[in-house]
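So the protein sequences, as listed, match chains A and B.
Reading the first sequence from the start, the letters are residues 1 to 534 in our numbering.
Reading the second sequence from the start, the letters are residues 535 to 775 in our numbering.
It is possible that some hints are incorrect.
Only some residues are given here: those of chain A computed to face chain B with a beta carbon under 10 Å [stated by the list, open to error]:
#: 1; residue: 18
#: 2; residue: 20
#: 3; residue: 96
#: 4; residue: 276
#: 5; residue: 278
#: 6; residue: 394
Hints are computed from structural coordinates only; laboratory data are not their basis.
All residues carry an ideal CB built from backbone N, CA and C; glycine is no exception.
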Amino acid sequence: MYRNKILLHNMLLSTSGWNILKYEQDRRKRSRIIGGYVGMAVLLGMLFCYALLLSIGYGKMGLAQYIPVFCVLSIFAIEFVFTVLKANAYLFVFREYDMLMALPFSVKTIVSCKFLYMYIRNLPWVASLSLPMMIGYGIYANASISSYLAWILLSVFLPVIPMVFASAVGTIIAAIGSSFRHKQLMQTILTFVFVLFCFSIQYIGQYFFPNETVAQQTLRNMSEMTDRITNYLIPAKWFAKGICDCNIAAIGGFIVVSIVVYELFFCLVSKFYRQINSRLLAGNRGTRYQRHTLKRKNIRQTIALKEWKKLTNCTIYFTNIAIGVVLALVLAIAVFFVDVDKMIAVICKGAPIRKEMLVAGIPFIIYFLVGMCATTACSYSLEGKNYWIVQSLPIPRLTLIQGKMLFNLYFTIPVTVIANTSLCIACGVGLSDMILCNICGIILCAFSTVWGMRCNLKHPNMEWENEVEVVKQGASVTIYLLPNMFGCMAMVVLAVAMSMYLPVPMIWVAVTGIMAFVSWLLYRNVVTLCKMSV
Amino acid sequence: MSVLVIDHFSKKYGENKRAAEDVNLCVKEGDIFGFIGHNGAGKSTTIKAAVGVLDFQEGDIQIEGHSIKTQPMECKKLLAYIPDNPDLYEHLTGIQYLNFIADVFQIDGTTRTERIERYADAFEITGDLGNMISSYSHGMKQKIAIISALIHEPKLLVLDEPFVGLDPKATLTLKNIMHDLCGRGSAVFFSTHVLDVAQKLCNKIAIIKKGHIVAQGRMEELIGDQSLEDVFMEVVEHVQE
């Protein structure tokens, strides 16, 4: 326990930014840390407000008693998916692995501290979902003080079970991947398959049982639905019972199960931990290089190729950045096998929307997926300590940046064209409109590329200790992601609404023109940023 | 008494590549044992297995009679390891990092203060202990790693290429510390490519080639009146593993 405490303390101290604020002389670095914390506080505040409004909505509909189940299910789902996407990078082959393994820490201490580090970093997000729901529940269910206390106590344990299961999935993926020659690629593929499976469970269910919309179910069958879910997910039932009935046994059960699951997992994983890491660290040493003629390439193409190698050799990078691109490809293939109207019904929860109404939104729907995150939003930061390599080469900074942007275009444009074309075909869009749709999509990819690059150049982080800090927690990715996501959602709604008054091609041409101009402005800004010192 | 015993240790990567094959070594109290070989010969693999970083199936490695496989905690309490390129917690200050290591080994306040002061002064890094490790040069990071390894006065000091990045004065300081440590009953096991240093510093040596130990023994017996460089070249060129 003592060693757990000191290891965890030092992990947090080393990555919290506190030392940078205290000891760093460079004001820019200190400002970046403060900016990061302010940005995080804003996001937490937004999530808090969203969860509060949601729980008030439930309360006003007379469904306050279901808020605890909704809370536990939301947190379970979010924590599970997000932990799966980062568990491998945190638990295996981290930078200081050799140093820690040679110190007198038990394997269980090291791996459990890595988990607890993830858990502590997740707690503010859990709190910003759980506490507003507690407030909503408290107001509409006239909760007693003991309900509030139980909720606060159980909130601390809420993320443990999903995080442990997600870590178990991550461990299984690492163990399987470590047996292959291309370990990283195999882990990436397995993670993708698993995440796509998780995403599709809900939609597969709704596709096969489309009779009632979720909205109708919410109102009519909420009790039946929650009963059904909690029958399978016993801890959710205990959480709800613990809150609603102040049932001590249920509260105790939830806490005990969380601790037992945690202990069991780490006892088990510590038996194989060194073996898995040794295999992962071994790399592809069995490979024997075969001589062949090497070709000369353009500098930007070379940098773009280097980006591709980086992307495919880093599971955390690929799974987080390419998820939208993969989803767009899945959508492009799915529309040939599944009726688009049925698909819309599933995604839009049964809202009365037909495919003809959505035609105007096609390029934005595809962009929502493809542009979910651009490689450029983190590729500059990901150079990290290797930045000296490109810095010391006779390459102007702008050329390096152009190479990185070129890669994002290579990566997103083909998928955008494929997805736009297949969706246009499925929706019966004519050839000329299809071409316009694709031009609009390509311009949106260009926008995404330069916007991502600008965010990364403005908020670089070269001193990371784990890729997760850049890819999942980086300021540049967050600043890229949120306006882009909400802007894109607004564009879908706006385009669909405007298509009732204006011809669809006109909307696409107007958006193409505006976005091309914005992209050009951003590119100019990127060029200016490249000329400034790092 | 034997401090480190490597007994029929083998390690293979994948199906074909054997990084170490039937390695047998014995490092006794007071030994400064040099481990030399080409790049990729299996030095780091053997060292990492000896300190419990790398998993292995064949053979056993013991530190003062404790097996690194079955009693890793006992072994790690006795040893200190400095990798060739130490990855320290970059955003800790030097003193925070040294305190962290002292906490891990549960060294009391007075002892840790005295030892940190002594070694930091010897390596002329005292003034920089309050700065973040990320601001250090490679050599300074190496010095911090060395000081952290000495805090608990290990029975076995294992170093992978310890002289890379150190300035001449720090190199001399480290050599003196090694002698001092061995004079007090500990042992030092290190890999190096600097054969001159190995010849002057070590009393025992082992040469590894493609995962096999091709020569080992007391320095004077192994090299006779030749230089270690000549012996090394002769051994790696002509001896069949």
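Comparing the hints with the structure gives:
For residue 18 (chain A), the interface hint holds, the least distance from its beta-carbon to any beta-carbon of chain B being 9 Å, beneath 10 Å. Because the smallest distance between the Cβ of residue 20 (chain A) and any Cβ of chain B comes to about 6 Å, under 10 Å, the interface hint for this residue holds. Because the smallest distance between the Cβ of residue 96 (chain A) and any Cβ of chain B comes to about 5 Å, under 10 Å, the interface hint for this residue holds. Taken as an interface hint, residue 276 (chain A) checks out: its beta carbon lies about 9 Å from the nearest beta carbon of chain B, inside 10 Å.
Given the 10 Å rule on beta carbons, the hint for residue 278 (chain A) holds: about 4 Å separates it from the nearest Cβ of chain B. Checking residue 394 (chain A) against chain B by beta carbon gives a least distance of about 24 Å; that is not within 10 Å, so the hint is violated.
Checked against the numbered hints above, the structure breaks only hint 6 and satisfies the rest.
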